[in-house]
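*Asks:* Each chain, letter by letter, is given below.
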Amino acid sequence: MGNAELVAMMLADGRLPTGGHTQSGGLEPAVRAGLGADGRQLADVAAYVRDRLRTTTRVEAAVAVLTRHMALALSGTKVAPGDKNVPESPEPVALVEAAWAARVPSHVVRGVSRRQGRLLLRLARRVWPGVSTYLPNDGEIARPVVLGVVGAVTGLSAEQVARTVAYDDAQTVISASLKLLPVDPADAATWLAGLHDDIERLVKDVAPLTRVDEIPADGAPLIDVFAHHHAIERMRLFHA
Amino acid sequence: MPDTPETRSFRLGVAGPVGTGKSSLIATVCRELATELRLGVITNDIYTDEDARLLRSAGVLDPERIRAVETGACPHTAIRDDVTPNLIAVEDLERDFAPLDVVLVESGGDNLTATFSPALVDAQIFVLDVAGGGDVARKGGPGIARADLLIVNKTDLAPYVGVDVEQMVKDAETARDGKPVIALSRTDPASIALLTAWVRSMAHVVRTGDHTPVDPGPMAPHSHIGENGEVITHVHTH
Numbered sequence: 001m002g003n004a005e006l007v008a009m010m011l012a013d014g015r016l017p018t019g020g021h022t023q024s025g026g027l028e029p030a031v032r033a034g035l036g037a038d039g040r041q042l043a044d045v046a047a048y049v050r051d052r053l054r055t056t057t058r059v060e061a062a063v064a065v066l067t068r069h070m071a072l073a074l075s076g077t078k079v080a081p082g083d084k085n086v087p088e089s090p091e092p093v094a095l096v097e098a099a100w101a102a103r104v105p106s107h108v109v110r111g112v113s114r115r116q117g118r119l120l121l122r123l124a125r126r127v128w129p130g131v132s133t134y135l136p137n138d139g140e141i142a143r144p145v146v147l148g149v150v151g152a153v154t155g156l157s158a159e160q161v162a163r164t165v166a167y168d169d170a171q172t173v174i175s176a177s178l179k180l181l182p183v184d185p186a187d188a189a190t191w192l193a194g195l196h197d198d199i200e201r202l203v204k205d206v207a208p209l210t211r212v213d214e215i216p217a218d219g220a221p222l223i224d225v226f227a228h229h230h231a232i233e234r235m236r237l238f239h240a
Numbered sequence: 001m002p003d004t005p006e007t008r009s010f011r012l013g014v015a016g017p018v019g020t021g022k023s024s025l026i027a028t029v030c031r032e033l034a035t036e037l038r039l040g041v042i043t044n045d046i047y048t049d050e051d052a053r054l055l056r057s058a059g060v061l062d063p064e065r066i067r068a069v070e071t072g073a074c075p076h077t078a079i080r081d082d083v084t085p086n087l088i089a090v091e092d093l094e095r096d097f098a099p100l101d102v103v104l105v106e107s108g109g110d111n112l113t114a115t116f117s118p119a120l121v122d123a124q125i126f127v128l129d130v131a132g133g134g135d136v137a138r139k140g141g142p143g144i145a146r147a148d149l150l151i152v153n154k155t156d157l158a159p160y161v162g163v164d165v166e167q168m169v170k171d172a173e174t175a176r177d178g179k180p181v182i183a184l185s186r187t188d189p190a191s192i193a194l195l196t197a198w199v200r201s202m203a204h205v206v207r208t209g210d211h212t213p214v215d216p217g218p219m220a221p222h223s224h225i226g227e228n229g230e231v232i233t234h235v236h237t238h
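Here the protein sequences line up with chains R and P, keeping their order. Under UniProt numbering, think of the first position of the first sequence as 1, with each following residue one higher. Under UniProt numbering, think of the first position of the second sequence as 1, with each following residue one higher.
With the rest of the complex left out, here is chain R:
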């Protein structure tokens, strides 16, 4: 199983080969729409991350926490052959995926998360083969669901799973800002450090969740609108 702390570090490391370099967390279309004011309001980037942590990322983190919880509940259950009361193994995970989809109204945003989930799944099935108990070998599955399963099979706590989702989202946006705006990399790291309280607040809120209907349904319509613009944009550095 390895050390959970080290697994969390691997998952949070942009060098893990799961296509993280193709993502800006919606920052590229937001910059095109005026965020950062052509470099005159760079602090917008940190504010944008904070908005995500309070809305879309909060949903993602809760979904990852619930997936972990469901997978663990399942593995702890001794199932008698043919027991009709216990669902087939992938079903609880599919249930969380459906709950996630119901909370993400944009088909573009769902498509991006599922593609990124597929990339993570692809790596996970090699590095942590235990994920195949809950997930198919390949498939378009929301990234937080795949991450939640990885968390379950590697012994991550609910807090670690939530923190990984939140940190990854913040770091995706902030590192993309270095390519999209005239940002000093040291300023970027300072913004990230300044977001720790927001990240921990999110962790505290979503880590205790154990029921699918407790997953929050916060949304950020403007992020969805930007994502839709980006999907048909010709000049772009990032996939999303």
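All the given hints hold, so there is nothing to weed out.
Sample of chain R residues at the chain P side, in silico, Cβ under 8 Å:
hint : residue
1    : 18
2    : 119
3    : 122
Just so you know, the hints here were simulated from the structure itself, not pulled from any lab data. The beta carbon of each residue, even a glycine, is placed where N, CA and C say it ideally should be.
Add chain P to chain R, keeping to what the hints say.
*Replies:* Relative to chain R, chain P alone:
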């Protein structure tokens, strides 16, 4: 979706610096071979889908068989350190148009050290052009030295940029220890025939299972002047 190894194509990477003619080389391969081989193309444009559009508008291949993958301004990463987005694009193309004989993967132009990971392609072509300077082949690098095929492109421009093509090819051959070099011009049918013959034979070799991908390696051979004034060239092992 299950893995379907029976639909596996010959995956051929095309790398090289920006503007050396990678897209044009792929268009040429498609134009010459589309009637005898089932082809697909993945492009890695750095900032636009320009390369994919160029290929689609060239009309040499069904536009649906040409797909663009974004690289987040990291063309090097996309073909080397984290090939997953490209790999999935290749596999989806192979699945959607099964069976394909060859999938060409075009790197977003990068520098002389960018080469494909053997996890993504079976073989790779590295493209230089005479307009980039006659000394580039001599400078070396992993792609120049060890790609499966080196192209010295745009030889028809040589008189205008003052480059001795024969010398450039000779330098490249020296750097490559016998591996093939083709001096290519889209106005020279004989050179195009050499290129298509190489692609055809490589596709055959890969399909018959007689090929092991060779990694050109990320570290460039490197030269410096020794104490006695002689030029020393070596590759670091770290």
